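Required output: the full structure, derived from the provided sequences and hints.
Line by line, the protein sequences give chains Y and H. Under the numbering used here, the letters of the first sequence match residues 1259 to 1345, in that order. Under the numbering used here, the letters of the second sequence match residues -5 to 105, in that order.
Derived from the structure by calculation, the hints contain no laboratory data. The structure presented is a predicted model; accordingly, all values stated were derived computationally and were not measured. All C-beta atoms, glycine included, are put in the ideal place defined by N, C-alpha and C. Some hints could be false.
Chain H side only, calculated, beta carbon under 10 Å to chain Y, not exhaustive [claimed, not checked]: (1) F26; (2) D35; (3) V37; (4) T64; (5) G72; (6) G77; (7) I80.
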Amino acid sequence: MNRENRIRALLAPLAPVELDILDESEKHHGHGGWREGGETHYRLRIRAATLDGLSRVECHRRVNALLAPEFASGLHALAIDAKGSAA
Amino acid sequence: MADINAFIDNEVKSNDVVLFMKGTPQFPMCGFSGQVVQILDYVGAPYKAHNVLENADLRQGIKDYANWPTIPQLYIKGEFVGGCDIVREMFQSGELQQTLADNGIAAKKAG
Chain Y
1259 MNRENRIRAL LAPLAPVELD ILDESEKHHG HGGWREGGET HYRLRIRAAT LDGLSRVECH
1319 RRVNALLAPE FASGLHALAI DAKGSAA
Chain H
-5 MADINAFIDN EVKSNDVVLF MKGTPQFPMC GFSGQVVQIL DYVGAPYKAH NVLENADLRQ
55 GIKDYANWPT IPQLYIKGEF VGGCDIVREM FQSGELQQTL ADNGIAAKKA G
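Next up, the structure:
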């Protein structure tokens, strides 16, 4: 299973109504954190009712906490757009 | 690790605006850090920057301090504000400028 699929699986507990995951690793070729094989730089957009009413920082924290295994295994950068389902 | 935690705590509480970044404001070593520098420079907020690449303890310590896995990290008046995405969203909505103003931090009017 590649990182995108693992991220999707790890975020399932948030019950996202929208979840877009983009691997931008190649855009960072040669920059810090980049490595052969990619899967280092990602961008994700999530909308979930489980994030309703939470602050921006708290929304990001929920996402980051679930993705801790990925940060521990070479995920270097993650741009996050995380909001409740109404946004 | 207790030492670095105390250092960070003192830094963010004794300076109005503190940015932990990769590289320096003059030479950012990461696009995300560079974006936050550009935003802070644009709003005209004075800030103190720390280059985490110069100190491995700081690089890990700041992640533990905020319970936040990535860098950059911005603090205003001792409060963790967020990383690049949150700072940019707050800048675009005017909340960043408002937060600075509410805390009495001189910043030139955006736009």
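Report task. Tell me if D35(H) is really an interface residue toward chain Y, meaning its C-beta lies closer than 10 Å to one of theirs. Result -> 21 Å, violated
Report task. Go through the hint on G72(H) and say holds or violated, using the shortest Cβ distance to chain Y against 10 Å. Result -> 14 Å, violated
Query raised in the report: Against chain Y, with CB atoms and a cut of 10 Å, does the hint on F26(H) hold up?
Result: Hint on F26(H): holds, closest Cβ of chain Y at ~7 Å, below 10 Å.
Query raised in the report: If you take the shortest Cβ to Cβ gap from G77(H) to chain Y, is it below 10 Å?
Result: Hint holds; G77(H) Cβ to chain Y Cβ min 7 Å, cut 10 Å.
Requested in this report: Report holds or violated for the interface hint on I80(H), using the least CB-CB distance to chain Y and a cut-off of 10 Å.
Outcome: 5 Å, holds
Query raised in the report: Can the hint on V37(H) be confirmed by a CB-to-CB distance to chain Y that is less than 10 Å?
Result: V37(H) check fails; min Cβ-Cβ to chain Y is 18 Å, beyond 10 Å.
**Report entry** Restraint outcome when T64(H) is required to lie within 10 Å of chain Y by C-beta distance
**Finding:** With a closest approach of 7 Å, the T64(H) hint holds.
The structure fails to meet hints 2, 3 and 5 from the earlier list, while all remaining hints are met.
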